[in-house]
Every structure is written in C-alpha cells, then in structure tokens.
Amino acid sequence: MANFFSNLFRKNSKLETNQLIVKKTIISFTFFFLFAGAALWGWYWLRHQPLDGGIRGGIPQPLRAGLDKNEKIFSGLLSDKHLAREYPRSSAVKKARVNGNVGMGNDFDAATWQMYVIRSNGDSLKLKLDDLKKLPKTEVVFNFKCIEGWSQITWWGGVKFSDFMKAYGLTAEAGKNYLGLSTPDEEYYVGIDMASAMHPQTILCYELNGAPLPMNQGYPLRLIIPTKYGVKHLKRIGTMYFDDARPPDYWAERGYDYFTGL
Amino acid sequence: MKKIVKKHPLAIRWFHWINFPVLAIMIWSGLLIYWANDVYKIGFGDKTLLKFFPDSFYKALHIPFRLAEGMAYHFFFMWFFFLNGIAYVLYTIFSGEWRYLLPQRRSWKDAWLVLLHDLHIRKTVPPVEGKYNAAQRIAYSAIIVMGIGSILTGLAIYKPIQLGWLCTIFGGYKSARVIHFILTIGYVLFFLIHVIQVILAGWNNFRGMIAGFEVVKVKDESVAADVNTETISKDESLKSGNG
Chain A
141 MANFFSNLFR
151 KNSKLETNQL
161 IVKKTIISFT
171 FFFLFAGAAL
181 WGWYWLRHQP
191 LDGGIRGGIP
201 QPLRAGLDKN
211 EKIFSGLLSD
221 KHLAREYPRS
231 SAVKKARVNG
241 NVGMGNDFDA
251 ATWQMYVIRS
261 NGDSLKLKLD
271 DLKKLPKTEV
281 VFNFKCIEGW
291 SQITWWGGVK
301 FSDFMKAYGL
311 TAEAGKNYLG
321 LSTPDEEYYV
331 GIDMASAMHP
341 QTILCYELNG
351 APLPMNQGYP
361 LRLIIPTKYG
371 VKHLKRIGTM
381 YFDDARPPDY
391 WAERGYDYFT
401 GL
Chain B
6 MKKIVKKHPL
16 AIRWFHWINF
26 PVLAIMIWSG
36 LLIYWANDVY
46 KIGFGDKTLL
56 KFFPDSFYKA
66 LHIPFRLAEG
76 MAYHFFFMWF
86 FFLNGIAYVL
96 YTIFSGEWRY
106 LLPQRRSWKD
116 AWLVLLHDLH
126 IRKTVPPVEG
136 KYNAAQRIAY
146 SAIIVMGIGS
156 ILTGLAIYKP
166 IQLGWLCTIF
176 GGYKSARVIH
186 FILTIGYVLF
196 FLIHVIQVIL
206 AGWNNFRGMI
216 AGFEVVKVKD
226 ESVAADVNTE
236 TISKDESLKS
246 GNG
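Chains A and B supply the protein sequences, listed in that same order.
Taking the numbering used here, I'd label the letters of the first sequence as residues 141 to 402.
Taking the numbering used here, I'd label the letters of the second sequence as residues 6 to 248.
Chain B on its own, in the form it takes in the complex (with noise of 0.2 Å):
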C-alpha cells in the first residue's frame, strides 16, 4: 500500500524555489564584475593550472565589458537573495524544521557512510533520520553558513569603509574579494553535486520539493487502512533519497 508522507513544508519550497533563480543571478552578474578584474588562478610557483576564467568560458557566456550592468544587477538582486535567506533562516528556527537540518551528534560518522555508500564502496543504506541524511544535514546546513558568508564578505567589499571593521573580519578589502569568491565557486560545486543527486534520487524525492509531500510504501495492514489520511511524520523515518 502507499501512503502520502508531508516533507517540505510550503515555505521552504517557496525559500528553494527564489533563490534558484535569484541565486543565478546574482553569480551571473557576479561574473560580468569579475570579470574586470580577474587575477584569480589556482597554481604554484609560475605554474597556473586552472585560470579564472578562461577567455573561452568569457566568450561562451558573452562576459566582457559588461562592469557596470553587472554591479547594477547585483545590487538590485542582493536584496532578494538577502530576504529570501533570512526569511529561510527565521522560519528554520520558528518552524522547528532546523531539527531535520542541523547536522547531529552521528552525522559527522555517518557522512562518511553515505559518501561509501553513493560511491557504491559500500552496499548497506545509511540510516536516515528524519528528512535528510547525514551528509545532507552537513551540506544543507554549510550552505547555510556560505549564504551568510556571502552576504558579510559582500558587504564587506561593498562599503569597506563604512564598514571597515567586517572588512577587517575577513583579513582586509583583497581577503574579502577572494572569499567572495570561492564562496561562488562552492555554491557551483554544490549545484553540480546536488542536481546529480538529485536525479539519482528520482521522481519521488524532487516531487516533494514541488508538491511537498512524498510516497511511501507501507507494509502493515493497520495503517494501510489509514490511507486517505494525511499524516505528518515528524518521528518517521522517511525512506527519503538524496538531494
């Protein structure tokens, strides 16, 4: 029998769903700023093995000279992806949903279970407790953190004056442009990983963050009987995928 589980919450589907966009927008523009100033490679000595960016990539996405539409964009986008965090966070909080999130006592042991185990190193499925597992709760959660991140480097970049003591936080006006940046370049590296996952995970699980509920099978008679009943499952385990 199946039985219609609730998983994310409307707000957080509402959350997910604006910073996508709002999100790309903003390391879009990002990129046109950058661009005009792009002395970021990763490499030793005279060696430079990856440069940021290569003039090929800048071409492919129409990049230069485009300084100024990009500071406009982002300035103008700053504030919703601002908003549309901090709404995220305070509903977390309020809601109690952060005890899905928030990585736990185990989760830092049993992340290296899920890693084994999406690697298929290891065969036995990772327990998940509640809606995500351990390594979500850990991924989830740091990208949390980078949002906030982001928004203090940023600022610190923007009004290095005014605000001189965040820029003395993240070791100075350069430091903070640097961290600005690797920041961007982990949210690329999350979505990489997260949409694989995500796909991987199928049709059930990315329904739940559009329809916000999943399916589950059920065994036991008793509660097949209980079927057109929507049950919030707080205690359950969902046997929920990844992403």
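Isolated chain A, as found in the complex (with noise of 0.2 Å):
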C-alpha cells in the first residue's frame, strides 16, 4: 500500500506500464471528483442564495443579476426600424384569448373613467378617450406573444404612444428612463422603458378588431407593445407616469424578466 502512494509521486520514467496507469487514472479521477464536488457546491449555493425580493416566489439574486445583465446586452438590439412583422387584417383571430384580470376588478364606473398622466414637474394631465380618439389614429396587426409562450396574430387600434407624447408636449417626460403604468385601482403595474415605450408600433390601445375595446381587454384604454411580452401590455390604464428609477412592476416581483424585450 506504501508503494502505492509513493508510486503516485513516482516520476513517470520510473513506473512499469501498469503502475503509470494507475497512476495516472487516479489521478485524473481525483481531479475530476474535485471538479464535480466544486460544481455541485456551486449549485448548492446558487439555489440557497437570497432571493431577488420577489412577493411570490423570487428568483435568487445572481440569477436577477444575469436577467439585468442580458438586457444591457439585448437591449442594444432594440431600434425603431425593427418592427413587429404585420400582418392583413383578415390573418388576425376573430377572438383574442384574454389571459390574465388583476386589477379588471368589477368595481370599476367606465363613464367616469380618466386617465391620469403624471408630468414631471408634479402636475397631472386627466384624459378622457375622446381626447385620445381626437389624434390620428394608428393601428397594428401582429403576432401577439404572451411570456407563457403562446402567440395569436391579432389587430389593434389606437394612438400610436410617441404621438401622443408629441401631442401633449410631454418632451420632458420623454427623456425619463421610464414609463410607468397602473389600473385605476394600482392592483396591476408595469414599468417601461422609454425606448421600447416610444418604439413606432407601441400603442395606447381602444380598439380591438375594428370596435372598442371590450371590457375583459382593458376598456377604455389599454397598451399594447408589440416589442414586449403580453404582460406589458396593462389593460385599463388609469395612470401614467414617468421616472429615471425603474417604477414597480407587477410580474418582475414575481420572478420575471423587468425587460422582457421581444
């Protein structure tokens, strides 16, 4: 057994063929198991890392880290000549699926409804949908994709969101970092960021197919982002605001991706 060790130290020169194989294996073996063992350590400390302050359920820190990282990187590809394919009315489904109704609670008086735009310097504009319809009006159809991983081709109309912003002198607003959005009773919101906000094909949303919103998809006013996932896209908007920190957003408390940048 003394010579087996020894042998482990032994110059290579000095070993018979089947000594040097041994020596050689268990080397090779002894690292090897190091290496897994460094791994699965790493692993073990990945899944007990703190987690991102999430309310249901986070994500560990590093791993929110990565998602913030992989934005600073794919965010680079974002452009307003990159649009969404679009597609013929006649491509778009008759029913749009309706996924999700946090803050669609039945508590809500659409003849009062205004939505409220916070400006920067502490005043707020209150819209009704007549002064949005009073814009031109843009319209979008394209392949709507939800962050589950479904997609429907589907067709909107609205005010494309940079005229809007052009339309109300909100030049200010526009250099925030951010945009963010929140129904009438702040159960549901989401944050933005201005590039993707003021992206061409972003609207505020009151037609589906050719008529008004229906309730159950955010009547009167909803977003749609066609460069986002459909967790963006908030339906009944009840306020709007800006900010160079990142606002609150319901889903990236919850585990996701802040960006989700298509």
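If you're looking for bench data, these hints aren't it; they were derived computationally from the structure.
Any given hint could be a false lead.
[To be verified] Calculated cross-link-like contacts (lysine to any residue; reagent style SDA-like; alpha-carbon spacing at most 20 Å):
id, chain 1, residue 1, chain 2, residue 2
1, B, 179, A, 288
2, B, 164, A, 217
3, B, 179, A, 225
4, B, 222, A, 161
5, B, 224, A, 158
6, B, 46, A, 289
7, A, 277, A, 227
8, A, 221, B, 160
9, B, 56, A, 289
10, B, 56, A, 288
11, A, 163, B, 146
12, B, 56, B, 33
13, B, 7, A, 158
14, B, 164, B, 183
15, B, 46, B, 184
16, A, 212, B, 168
17, A, 268, A, 381
18, B, 179, A, 233
19, A, 209, B, 160
20, A, 163, B, 6
21, B, 179, A, 286
22, A, 164, B, 18
23, A, 163, B, 56
24, B, 11, A, 170
25, A, 164, B, 14
26, B, 164, B, 46
[To be verified] Among chain B residues calculated to face chain A with C-beta under 7 Å, some are:
id, residue
27, 7
28, 41
29, 42
30, 73
31, 74
32, 77
33, 81
34, 165
35, 166
36, 176
37, 178
38, 215
39, 220
Where a beta carbon is used, it is the ideal one built from N, C-alpha and C, also for glycine.
Using the hints, put the two standalone chains together into the complex.
Written as structure tokens, this is what we have:
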C-alpha cells in the first residue's frame, strides 16, 4: 500500500506501464471528482442565495443580476427600425385570448373613467377617451406573444404612444428612463423602458378588431407594445407616470425579467 | 504488452464535462418554461399517441408553476452553453481534432455496418479510423449542428422582433419554438444512446474521457520495448469503443 501511494509521486519514467496506468487514472479521477464536487457546491450555493425580494417566490439574486445583464446586452438591439412583422387584418383572430384579470375588478365605472398623466413637474393631466381619439389613429396587426409561450395574430387600434407624447408636449417626460402604468385600482402595474415605449408600434389602444375594446380586454384604454411580452400590455390604464428609476412591475416582483423585450 | 495511448485532449474533456451539467440545466429549465404552454403532441387527427408531457411526468419532476424560475435559469445558463460550445468548436477546428470528428466519405456507408454490428446482426467489427467509428463521427458531428441549431432557434424565440430575420429563417416564431423543442428531444435521445454505448464500450473507453488515455494491447515486441514513453497516436488505429 505504501508503495502504491509512493508511486503516485514517483516520476513517470521510473514506473512500469501498469503502475503508470494506475497513477494517471487515480490523479485524473481525483481531479474529476474535485471539480464535480465544486460544481455541485456551486449549484447548492446558487439555489440557496437570497431571493430578489419577490413577493410570490422570486428568483435567486444572481439570476436577477443575470437577467439585468442580459437586458444591457440585448436592449442594444432595440431599434425603431426593427418592427414586429405586420399582417393583413384578415389574418387576425376573431376572438383574442384573454389572459389575466389582475386589476380588472368589477368596481369600475367606465363612464367616469379618466387617465391620469402625472407630469414631471407634479401637475397631472386628466384625459378622456375622446381626447385620445382626436389624435391620429394607428393600427397594428401583429403576432401577440405571451410570456407563457403562446402567440396569436391580433388587430389593435389606437394612438401611437410617441404621437400622444408629442401632442401633449411631454418632452421632458419622454426624456425619463421609464414609463410607469397602473390600473385604476393600482392592483396591476408595469414599468417600461422609454425606448420601447417610444417604439413606433407602441400604441395606447382603444380598439380590437376595429371595434371598441371589450371590457375584459381593458376597456376603455390599454397598452399594446409589440416589442414586449403580453405581461407589459397593461389593460385598463388608470395612471401614467415617468421616472428615471424603475417603476414597480407586477410580474418582475414575481421573479420575471423586468425588460422582457422581444 | 500494454501501451498507453493518448486519446482525448484535456480541453475536449473539459468541454465535454462542462457541457453535461449545463445542458442538463438547460433542458430542466426549458421544461419549466415549456410547461406554461405545453401544446405539442404526436398523433394523427384527433388521436394523440404521445402528449408532451403527461401530468405524471410533470408531477414527478416538480415542473408546474415555475415559469419565472425556468426563464431565469435558462437565460443565465444559456451563456455557459454558448461559450463552452463556441470554445469547443474553435478548439476542434484549430487543434486539428476535426479530422477525427467529421464524417468522411465512407462514414455514411460504414455507419450502417456499425449499427448492424451494435445490434448484433453483423459479426465483423467495422473499421475505426482514428478515435471514432463512422457512426460516432456522424453522431458527434450532428450534435454540434444541433447545438448551433438550439442557439439560433433559441435566439429567434428570445428576440423575435430585433432578430426578426432569424425568426423568418426558422419559419416564424411558432415554428422556431417547435424546432427548439425537437432539438431538445434529440439531445435526450442522444444522451440515452450515448450512455448505453459508453457502458457497453467499457472502462477503458470511459476512462479516456476523464484521464485522456486508453490502454492498448500491443503484440509487437519491438513496440513493447518502448512502453514507458507515451506516444501520441495520430494515424494509428485505436481499438476504440463506442460512446
């Protein structure tokens, strides 16, 4: 046995073939298991990192850092020239899928609805649907993509977000990093990077398939932002605000990526 | 007499063993994602032969309601899969290892002989040129193509608008997702066959992927005199197993 161990440290040239085979095998497998152990330890470490502050089971902090790094890398691809493919209206589904009803409670009076736009100076605009309908209408027929993995060609109409910002002179606001939206009851809320919000296909939407939005699709006004997953297409906009810091985001608080850019 | 013959370079062993857990994490986190919209099945008409996946499968692996977690892991470990894959491909190109890997003209025909031999239909051992037999050359080259396919279809699903051209190449968003899924099923099938073949090929072959060498029996006494010097066998046929 002593001989066996001393062989491990003896020069290769002094060993017989069989001894050399054993030596090389043992050294290699020792390293192999050391690295395998280190990898397992790394996995255990990652699984036991503090969560990112998620409300309903967030994700380990290093993974959140990873998602934010990915945003830095991939948001560079975002361009007003990269448009979601548009389809003829006839390709659109007749019944758009309804997914999620957070913030869509029944205690909502559509007749008195107004959208509050909180300006940077603290003033707020109160807008009715007719105010928005006065602005030029933009339609988009695109493949709506849900973060769950399904997609559907849908036809929406409304006012281009960038047109709206220009029409109401919200230039200082457009210079902020983020757009924040929430439902009137503040149950559902999203944050969107300004570059994506100002993308030419982003619309404040009041029509689906050429008709007013159905209640369960966010009547009177919702966001349609083809460069994001459906989670960001907030239904029933109550308040709009602007910030340099990230506004709270319902699904990001539950472990999803904040950027979710497509 | 025995002789120690170098088989797999250290770099290739690293790439192989890094890829194994990383790919496992990618497949697992992919399952967490797929569950949220698990629409694929094999069948015809209204008949479903195989649903991806049965509820019992999900339950056994604790898959349901973990979409956010799945995406977080998937988009974290994709970098390791990508970088390790790139390093492997570059190393294979520049080290000359591609000579042992890429299928040769005769490989396509010989692969059938390997298959027939492995299924115990044909007795004669098919020729092995270099490190791998014909079937291995095809399988291991195919897995590289599949890896590239996974990365490209993955990118197409990940950024279908900013990389719209890529999405179009794969026939659109839905189609890219299907291809991404099929490739993953391909890895699982590859893995099963690979592990069976490694077990059948035995210890000497398996040790090659960890220690890097194989022990070869030498008949010729003149070579046997030279046993203690390691020879790098470039052209010599190794008696190599599968796997």
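Comparing the hints with the structure gives:
Straight-line distance between C-alpha atoms of residue 179 of chain B and residue 288 of chain A comes to about 13 Å, which keeps the hinted pair within the 20 Å bound. Under the criterion of a C-alpha separation no larger than 20 Å, the hint pairing residue 164 of chain B with residue 217 of chain A is consistent with the structure, at around 9 Å. As the CA atoms of residue 179 of chain B and residue 225 of chain A are separated by approximately 14 Å, the hinted pair is consistent with the 20 Å bound. Simply put, residue 222 of chain B and residue 161 of chain A have alpha-carbon atoms about 13 Å apart, close enough for the 20 Å limit, and the pair holds.
Our distance criterion of 20 Å between C-alpha atoms is met by residue 224 of chain B and residue 158 of chain A, whose separation comes to about 16 Å. This hinted pair checks out: residue 46 of chain B and residue 289 of chain A have alpha carbons roughly 16 Å apart, not beyond 20 Å. At roughly 17 Å between alpha-carbon atoms, residue 277 of chain A and residue 227 of chain A fall within 20 Å of each other, so this suggested pair holds. As the CA atoms of residue 221 of chain A and residue 160 of chain B are separated by approximately 19 Å, the hinted pair is consistent with the 20 Å bound.
Distance check on the hinted pair: residue 56 of chain B and residue 289 of chain A sit about 17 Å apart at the alpha-carbon level, within 20 Å; holds. Pair hint residue 56 of chain B plus residue 288 of chain A holds up; C-alpha atoms about 18 Å apart against a cutoff of 20 Å. Only pairs whose Cα atoms come within 20 Å are accepted, and residue 163 of chain A paired with residue 146 of chain B is rejected, the gap being roughly 33 Å. With a C-alpha separation of about 18 Å, the suggested pairing of residue 56 of chain B with residue 33 of chain B holds against the 20 Å cut-off.
Taking the CA atoms of residue 7 of chain B and residue 158 of chain A, the gap is about 8 Å. The hint holds against a cut of 20 Å. Between residue 164 of chain B and residue 183 of chain B the alpha-carbon distance is near 16 Å, which keeps this suggested pair within the 20 Å criterion. Pair hint residue 46 of chain B plus residue 184 of chain B holds up; C-alpha atoms about 13 Å apart against a cutoff of 20 Å. Note on residue 212 of chain A and residue 168 of chain B: the hinted pairing holds, with a Cα-Cα distance of about 16 Å set against a maximum of 20 Å.
For the hint linking residue 268 of chain A to residue 381 of chain A, the alpha-carbon distance of about 16 Å falls within 20 Å, and the restraint holds. Pair hint residue 179 of chain B plus residue 233 of chain A holds up; C-alpha atoms about 16 Å apart against a cutoff of 20 Å. With a CA separation close to 16 Å, the supplied pair residue 209 of chain A and residue 160 of chain B stays within the 20 Å bound. Annotation: proposed proximity of residue 163 of chain A to residue 6 of chain B holds, straight-line Cα distance about 18 Å (limit 20 Å).
Of the pairs offered as hints, the one joining residue 179 of chain B and residue 286 of chain A holds, with about 12 Å between alpha carbons and a cut-off of 20 Å not exceeded. With a C-alpha separation of about 15 Å, the suggested pair residue 164 of chain A and residue 18 of chain B falls inside the 20 Å cut-off, and the hint holds. For the suggested pair residue 163 of chain A and residue 56 of chain B, the alpha carbons sit about 50 Å apart, so the restraint of at most 20 Å is broken. At roughly 19 Å between alpha-carbon atoms, residue 11 of chain B and residue 170 of chain A fall within 20 Å of each other, so this suggested pair holds.
At most 20 Å may separate the alpha-carbon atoms for a hinted pair to count; residue 164 of chain A and residue 14 of chain B meet this at roughly 14 Å. Only pairs whose Cα atoms come within 20 Å are accepted, and residue 164 of chain B paired with residue 46 of chain B is rejected, the gap being roughly 25 Å. Below 7 Å, beta-carbon pairs count as interface contacts, and residue 7 of chain B has one with chain A at about 5 Å; its hint therefore holds. The interface hint given for residue 41 of chain B is met, as the beta carbon of that residue sits about 4 Å from the closest beta carbon of chain A, less than 7 Å.
Taken as an interface hint, residue 42 of chain B checks out: its beta carbon lies about 3 Å from the nearest beta carbon of chain A, inside 7 Å. Evaluation of the residue 73 of chain B hint against chain A yields a held restraint, the C-beta minimum of about 3 Å falling below 7 Å. Because the smallest distance between the Cβ of residue 74 of chain B and any Cβ of chain A comes to about 6 Å, under 7 Å, the interface hint for this residue holds. Interface hint status for residue 77 of chain B: upheld, as the beta-carbon distance to the closest one in chain A is roughly 4 Å, under 7 Å.
This hint holds: residue 81 of chain B has a C-beta 4 Å from the nearest C-beta of chain A, less than the 7 Å allowed. For residue 165 of chain B, the interface hint holds, since its Cβ comes within 7 Å of a Cβ in chain A; the closest pair sits about 5 Å apart. The beta carbon of residue 166 of chain B comes within 5 Å of a beta carbon in chain A, closer than 7 Å, and the hint placing it at the interface holds. For residue 176 of chain B, the suggested interface contact is broken, since its CB lies about 13 Å from the closest CB of chain A, more than 7 Å.
Contact between residue 178 of chain B and chain A, as hinted, is supported at the beta carbon level, the nearest pair being about 6 Å apart and thus within 7 Å. Hint on residue 215 of chain B holds. Least Cβ distance to chain A is approximately 5 Å, under the 7 Å limit. Interface hint at residue 220 of chain B: satisfied, since its Cβ lies 6 Å from the closest Cβ of chain A, which is below the 7 Å cut-off.
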